[in-house]
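Undergrad: Under our numbering, the first residue of the sequence shown carries the number 1, and numbering increases by one thereafter.
Just so you know, the hints here were simulated from the structure itself, not pulled from any lab data.
Quick caveat: nothing in here was measured; it's all calculated off a predicted structure.
The beta carbon of each residue, even a glycine, is placed where N, CA and C say it ideally should be.
Heads up, some of the hints might be wrong.
Stated by the list, open to error - Derived Cβ-Cβ restraints for the label pairs, each shown as a range:
1) 328 / 108: 20 to 30 Å
2) 217 / 282: 45 to 55 Å
3) 294 / 358: 49 to 59 Å
4) 72 / 214: 49 to 59 Å
5) 68 / 328: 19 to 29 Å
6) 122 / 274: 52 to 62 Å
7) 216 / 100: 27 to 37 Å
8) 287 / 211: 38 to 48 Å
9) 211 / 245: 13 to 23 Å
10) 216 / 265: 18 to 28 Å
Claimed, not checked - DMTMM-like mimics (lysine to aspartate or glutamate), calculated; alpha carbons at most 25 Å apart, straight line:
11) 144 / 217
12) 82 / 66
13) 144 / 96
14) 271 / 39
15) 214 / 240
16) 214 / 243
17) 300 / 275
18) 271 / 306
19) 299 / 330
20) 82 / 120
21) 264 / 240
22) 352 / 120
23) 214 / 179
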Amino acid sequence: MVARSCRNPRLRPDRRTSPQDTRAVTASVTIALDAMGGDHAPGAVLKGADIALVRYPATRFLLFGDESRVAPLLTRLPRLAKATTLHHTDEIVADDAKPSLALRAARRSSMRLAIDAVADGRADGVVSAGNTGALMAIAKFVLKTMPGIDRPAIATFFPTRRGESVMLDLGANVECGADNLVQFALMGDVFARTALGLIQPTVGLLNVGSEDLKGNDAVRNAGALLRGGVMPIRFHGFVEGDDIAAGTVDVVVTDGFTGNVALKTAEGIAKLFSESLRASFRHSPLARVGYVFARGALKKLAARLDPRRYNGAMFLGLNGIAVKSHGSTDAFGFANAISVAIDLKVNGFLEKIRDELAQLNKMPVSAAIGGVVAAP
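Work out the full structure, taking the sequences as your base and the hints as a guide.
TA: Okay, here's the thing in structure tokens:
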């Protein structure tokens, strides 16, 4: 059993808010929001921010979007209106826009301006439900990667038998070398400690088997480096696909291709399970009677597996907090993405990961890992 921090009651495996959550947390943080990103923007973005204010009443928002569409919604949300500064732009990054085109041509887009606000210090973090590739490209260009990090990675939370785990990378890097995987392990460790309140999270490398000889060169070499004890993390070893949901480790590290496939597969299975269960209870009068008795337990299960509870993927390795919300989420899901950004800021995620990298570069063993973490 991994020890968990009790210093901050918000940071625990069941920390996700519910639509009725009324726990107020004092945190003076400014978050920049891409009001036009996502399938249900700007409505879901604004309503999500309003929900987040219940728990984070001291938060300020910088909204970037089309004033003609955003302003009328703000008038219906007086609590949010008081905590918000609206910056008009009618440029939007399309969902199908190529990242390179968005980077060059969308300099006045709502997404770009929100990221710029973090870069120039007006905001502590940015949240967007827009085009993932464009968001990563723009964030990497504007915020830059931290010294010692070659590539940023996308990390998110994953429901498990033991609560929640962290998984990365989820699509930012289709191909990775051993050095990238080791960097991901370091960032994932700090992310889990900061966002989930784990004192000493366990880290595992996703592989096709648990034996040392299994996997491709990148995975085996990364495993050898992590197993050698040169990194300040608690390395469990290789884990397999079924270990993800089992919660065998607190942090699952993999390349972006494998991680994205694993995530989408899990989402598909969860949807299939939900639809099949619903159809089964409609199958006959007796089944409907059974549902009456099982309804309470089923609602708890549905709430625990609700993907909106785990919404909010962090771009790790950048000089700023950038959180990607699922494009199809509703207000509740977007509120949780905002929660991720605020929690990371309040609990000093960027400072902690910079300290880890600085300490690692002072260690004599840093030269032995072949530039896995390059000196600044």
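Undergrad: Sort out which numbered hints this structure fails and list those numbers smallest first.
TA: 6, 11
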